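Enquirer: Protein sequence lines, in the order shown, are assigned to chains A and B.
First residue of the first sequence: 1, per our numbering; consecutive thereafter.
First residue of the second sequence: 1, per our numbering; consecutive thereafter.
To be clear, the hints were calculated from the coordinates, so they are not data collected in a lab.
Keep in mind the model is a prediction, meaning the values are calculated, not measured.
Even for Gly, the Cβ is constructed at its ideal location relative to N, Cα and C.
Possibly wrong hints are sitting among the right ones.
To be verified - Heads up, incomplete: computed chain B residues facing chain A, CB under 10 Å, no partners named:
(1) Gly17
(2) Tyr29
(3) Pro65
(4) Lys174
(5) Arg182
(6) Gly285
(7) Lys291
(8) Leu294
(9) Thr297
(10) Ser298
Unchecked claim - Distance condition first, Cα-Cα at most 25 Å in a straight line; then the derived SDA-like pairs of lysine to any residue:
(11) A/Lys80 with B/Gly273
(12) A/Lys80 with B/Leu167
(13) A/Lys246 with B/Glu18
(14) B/Lys372 with B/Leu167
(15) B/Lys41 with B/Asn190
(16) B/Lys41 with A/Val253
(17) B/Lys13 with B/Asp58
(18) B/Lys106 with A/Ser166
(19) A/Lys145 with B/Glu6
(20) A/Lys246 with A/Gln202
(21) A/Lys145 with B/Pro46
(22) A/Lys145 with B/Glu18
(23) A/Lys236 with A/Gly191
(24) B/Lys13 with A/Lys93
(25) B/Lys41 with A/Asp174
(26) B/Lys13 with A/Ser166
(27) B/Lys13 with A/Lys236
(28) A/Lys246 with B/Glu274
(29) B/Lys13 with A/Gln147
(30) B/Lys13 with A/Tyr142
(31) B/Lys283 with A/Tyr142
(32) B/Lys326 with A/Gln114
(33) B/Lys13 with A/Gln202
(34) B/Lys106 with B/Glu225
(35) A/Lys93 with B/Thr303
(36) A/Lys80 with B/Glu47
(37) B/Lys13 with B/Thr327
(38) B/Lys369 with B/Glu74
(39) B/Lys283 with A/Lys49
(40) A/Lys145 with B/Lys283
Here is how the chains run, residue by residue.
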Amino acid sequence: MDSCLRRNDKTMNRINKKLKEDKKLLSIYFTAGYPSINDTVSIIQDLEKNGVDMIEIGLPFSDPLADGSTIQASSTQALKNGMTSEVLFNQLKDIRQSVNIPLIIMGYFNPIYQYGVEAFCKKCQEIGIDGLIIPDLPVDVYHEKYQTIFEKYGLINVFLITPQTSDERIRYIDSISNGFIYMVSSASTTGAQSGFGEEQTQYFERIGNMNLNNPQIVGFGISNNQTFTQATQYAKGAIIGSAFVKHVTNEGVNSIDKFVKSVLN
Amino acid sequence: MTKNMENYNVNEKGYYGEFGGAYIPEMLYPNVEELRQNYLKVMAEPEFQKEFNQLLKDYVGRPSPLYFAKRLSEKYNTKVYLKREDLNHTGAHKINNTIGQILMAKRLGKRRIIAETGAGQHGVATATVCALMGLECIVYMGEIDIARQAPNVARMKMLGATVIPALSGSRTLKDATNEAIRDWINNPVNTHYIIGSAIGPHPYPDMVTKFQSVISEEIKWQLKEHEGRENPDYVVACIGGGSNAAGTYYHFLHEKDVNIIAVEAAGLGVDSGESAATSVLGKEGIIHGCKTLLMQTSDGQITEPYSISAGLDYPGVGPMHAHLCKTERAEFMAITDDDAMKAGLKLCELEGIIPAIESSHALAIFEQKTFKPDDVVVVSLSGRGDKDLENYIEYFKI
Ligand SMILES: Cc1ncc(COP(=O)(O)O)c(C=O)c1O
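Chain A extracted, bound-state conformation:
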């Protein structure tokens, strides 16, 4: 865990650097290859230009178990458009010439497993990807089999916790994490909901009071300025996914500035 934190600024992962900034972070998820196959790079560039702090690039999967209907539909379309791991890596090969913010690939385990976990990580490092979120790769399997590979290629793996995760397990996940913890706002698949209730704020507070080593970023159910503000009262940042994908579905890719502004202001 400490190996990354101890590194000096030059070699420090962009995620860790970003987490040190004295501000609340906005991270945006989008599905690579959606709405059109070649939208990936311009979406990333636009998001950075408009003040987003971090990006999760969704590698589409045929059977996204943890996703609600919006991201399912965007994934299906992206696959129809021809998105694959190979295509994504090709699209991103020069991304670091134009983009500086942390980039995270979020994908299910099977496509990564088929690519070869080590080959995938190596490619990520070459391109300048900073981390991965793999919802169906369990913490213990990662720890036992893949952690050394991720570390070899300087990648941060991000784990999820939910309101049902026990304190003991949260401490274990904290001990294996080296960037941030993805705090899933409620027991649900992805998809925007309207605001947070008592139950959620209690959960956010409970986690806040645990004084974990890794900062937390809230995801699932963040959709606008109100939910972003609410969530970041308790956490270092928040992730918007479905709401952004919906925006792109309805408004196309030319009004990303409008969406980001509406969240941040």
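Got chain A; can you put chain B with the ligand on it based on the hints?
Expert: Same frame as chain A, but now just chain B with the ligand:
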């Protein structure tokens, strides 16, 4: 266990060789972990055992007969026994598992039951036990399967279940399973997910196998009565996810002299692009929470399978079967739609039994493989054909 033999049961980490495990999103961890910590303990309780066995006897109608199929045996010049799971209440082996799991769910304090179904047999078996126990029941079923298994949809509704169509992907069993898993993520506290086959994250494959193992437990003593020996030369079962097969093999896995035959659906032909023959077309990967063999693209996207039989129309096999395949403990055969349908009709003509199309796949192997006259071959007749009448009518223009 015979010496020098591989272990074909699950190990303490939830794996069969390299297959199995629990590849689940963190949202499911508490549910699956609760089950993992409790399932063996609960199943070992004398009270649980008593209730389970009583219901299997009085409600399901077990033991199911082991029937010597005389005319079929004459035709193929070998000794064919049929394990009559088709005679169970609700018409298939599926109810062995749902009885076990509903008792488990009750012990764990769950009030709401969800399930996925392909042919609708598991959905009916789940709706049945929910009615029996007075629990809420929601069944996810692919839109295509809803159309081709209409009688079972009606049965589920009569039994008080809510049937929700799965509209994504190929709109069959795989997609219904996705929807059930999503439901469980959204309802983590009060809900138990009754998986209908020997698939899913550990401990499901093992738990389902153990509930279904009553099939081979009975075969042993029944065969002793018929043949004076407990072990057949062959056990044969069709494989969708692999629950009737797992139950049929279970007590023979470590009996070296018992040959195991696993029958998959070849659909229109293994190389036709319209098939569900996972052992031939599949590669190692992750599906529905476990590492196993599954049909997928080179990029790791899960492929949409095809079979005329809704219950075999699944792009993976349970991890136990992946292990049996990899270690060559089991011989895998693939049977086309046409050969299965013909075998189904043959059973009607020779024995007066209308089999489920799934089970017809297992019966079709006799056209492909020759057995010795004194070989004892036990075939799992996993279900009856009532639900498939429309398919048979259409296929044979009856
Ligand atoms: C009669 C029958 N046989 C077999 C199957 C296949 O399932 P499994 O491989 O789990 O036994 C089904 C599934 O619906 C079925 O209804």
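Enquirer: Name the hints, by number, that the structure is in violation of.
Expert: 1, 3, 13, 14, 16, 17, 20, 21, 24, 25, 27, 28, 33, 34, 35, 36 and 39
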